[in-house]
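Participant: Given the coordinates of chain P, work out where chain V should sit on it, guided by the hints.
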Amino acid sequence: GENVEQHPSTLSVQEGDSAVIKCTYSDSASNYFPWYKQELGKRPQLIIDIRSNVGEKKDQRIAVTLNKTAKHFSLHITETQPEDSAVYFCAAGGNKLVFGAGTILRVKS
Amino acid sequence: NAGVTQTPKFQVLKTGQSMTLQCAQDMNHEYMSWYRQDPGMGLRLIHYSVGAGITDQGEVPNGYNVSRSTTEDFPLRLLSAAPSQTSVYFCASRTQGALRNSPLHFGNGTRLTVT
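One line per chain: the protein sequences are P and V, in this order.
Taking the numbering used here, the leading residue of the first sequence gets 591, the next gets one more, and so forth.
Taking the numbering used here, the leading residue of the second sequence gets 968, the next gets one more, and so forth.
The following block holds chain V by itself, in its conformation from the complex:
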């Protein structure tokens, strides 16, 4: 099993450009989420999904869109990149049991720089 796979590993964008960060998991996890990590601020939840066709906002959703057309994939779209979106982005997934509290499995991250 590959686990959670994120692409690309590194990306540089100019202000105003758009792009999609890819996330795929092969563990048949219902729950998937996106976090951004900035120095001194921990991990902040951007969007999450509890299953195909269902998405919801996290703590910092502005400037980002998501969709969940399949169980395996959960892409994150930046519509018009801004320097404030320079960060490391982590995708994470887990099973979605009745108690909703199983461990998150993280991908290796995408380091995004917006100039």
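This is chain P alone, in the form it adopts within the complex:
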């Protein structure tokens, strides 16, 4: 089955800097790659997603890139703000969506 690895497990950046979180997946049949943000005590919420027929997608300060050959995808957040502090999860799959273990992002002001 699918296996998703996510790095780093924690990431601290200064406000205004960029943050990059990377994930690798194992199943070449996976065709959907969403990213979720989860604040403490709350439910995960989708921030951006990408499908296997697209290499890059951008939404304001957030972008995701996908390399199908290498089986990895990344989340890029530019101009980080304190409210970006949260846990971020990547996921890969189709009917079975498998999540990475999460990255705790801390934005220091």
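Hints are computed from structural coordinates only; laboratory data are not their basis.
If you want a taste of the chain V side facing chain P, the calculated C-beta under 7 Å gives, among others:
(1) Met1008
(2) Gly1009
(3) Leu1010
(4) Asn1068
(5) Pro1070
(6) Phe1073
(7) Gly1076
This one's a predicted model, so the numbers in the text were calculated from it and none came from an experiment.
Glycine included, each C-beta is placed from N, C-alpha and C at the ideal position.
Facilitator: Coordinates of chain V only, in the frame set by chain P:
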């Protein structure tokens, strides 16, 4: 629209007890799923369903049963609770299009403690 509604929000069980976590959605989503979230382990898929009458196992199905008699409801049953099932449980749903890749909508979660 209420979205995905989970009940109860909190539950404490003794080892060996059984219970059902409820999940309902009002978005007419074909696909529904259950995840458990443990510290440092992300979200792990327990069971999922692509439509009424159809269920399938996820990554960690042991100790849990599901059924899908209606489009709206997808209850998760713990047959004999164990301390290892202490976790936060999330129900999630989405549309089930031909490409099978639309965003998951999560409920607010049920925090379960088994003593």
